Amino acid sequence: QKEVEQNSGPLSVPEGAIASLNCTYSDRGSQSFFWYRQYSGKSPELIMFIYSNGDKEDGRFTAQLNKASQYVSLLIRDSQPSDSATYLCAVTPPSNDYKLSFGAGTTVTVRA
Amino acid sequence: AAGVIQSPRHLIKEKRETATLKCYPIPRHDTVYWYQQGPGQDPQFLISFYEKMQSDKGSIPDRFSAQQFSDYHSELNMSSLELGDSALYFCASSDSGINNEQFFGPGTRLTVL
Numbered sequence: 001q002k003e004v005e006q007n008s009g010p011l012s013v014p015e016g017a018i019a020s021l022n023c024t025y026s027d028r029g030s031q032s033f034f035w036y037r038q039y040s041g042k043s044p045e046l047i048m049f050i051y052s053n054g055d056k057e058d059g060r061f062t063a064q065l066n067k068a069s070q071y072v073s074l075l076i077r078d079s080q081p082s083d084s085a086t087y088l089c090a091v092t093p094p095s096n097d098y099k100l101s102f103g104a105g106t107t108v109t110v111r112a
Numbered sequence: 001a002a003g004v005i006q007s008p009r010h011l012i013k014e015k016r017e018t019a020t021l022k023c024y025p026i027p028r029h030d031t032v033y034w035y036q037q038g039p040g041q042d043p044q045f046l047i048s049f050y051e052k053m054q055s056d057k058g059s060i061p062d063r064f065s066a067q068q069f070s071d072y073h074s075e076l077n078m079s080s081l082e083l084g085d086s087a088l089y090f091c092a093s094s095d096s097g098i099n100n101e102q103f104f105g106p107g108t109r110l111t112v113l
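Protein chains in written order, with our numbering: chain A, 1 to 112; chain B, 1 to 113.
No lab work stands behind these hints, which were simulated from the structure alone. Values in this document were obtained by computation on a predicted structure and should not be read as measured data. Keep in mind that a hint or two might mislead.
Computed spacing ranges between beta-carbons, pair by pair [unchecked claim]:
#, chain 1, residue 1, chain 2, residue 2, range
1, B, S86, A, E3, 19 to 27 angstroms
2, A, T109, B, K52, 41 to 49 angstroms
3, A, K56, B, L113, 43 to 51 angstroms
Built from N, CA and C at the ideal position, the CB exists for glycine as well.
Isolated chain A, as found in the complex:
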């Protein structure tokens, strides 16, 4: 079992809709949680990070963390065609603060 699980998609949403991405992690002591966006053939781009339970909003993005359920999500509001990409959930294990463990990614397609 991977440390970080994501629904692989693909997730197709119409332009202007909300895209909802989910991620669960296995290690209850995990401390830091990140969402990266990766376009095909490009490098992962950090778009959100969250450390505390609750919601964190940044522009059209909202990250939600529930440590009791070991669950982190990303909402993309007013989805645009430029949001079409693979979204990677990443977690820092409690054993160290260094490596990121990634989920397999969710591919999002925004239909114009």
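With chain A held as given, fit chain B onto it using these hints.
Same frame as chain A, but now just chain B:
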């Protein structure tokens, strides 16, 4: 803002050859990480350095080695290359004082023929 720089961007090698990948972190970042991403896969952590010392080691083959130099740049040395080493290799850097937010470089695409 300055980003992570990696060189070369593309590299083609034959089996059993060696390769050296270079990474220049964001200025004032003290930690460097190397990740390998195969086709259709998520990035896999290889190794990291903090203040020029190895800080963590992941699924890095014994044929690979890495180091971080006094100017904080890092090099990943790969020997006895195999076809399965063909992948995107990303370097990321972070400021250890700021919550381990890792910023990735553009990557080096290694093709082993």
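Each hint tested on the structure:
The hinted range of 19 to 27 angstroms is satisfied by S86 (chain B) and E3 (chain A), whose Cβ atoms lie roughly 25 angstroms apart. Between T109 (chain A) and K52 (chain B) the CB atoms are about 43 angstroms apart, so this pair conforms to the stated range of 41 to 49 angstroms. In this structure the supplied range 43 to 51 angstroms holds for K56 (chain A) paired with L113 (chain B), their Cβ-Cβ distance being about 46 angstroms.
No hint from the list above goes unmet by this structure.
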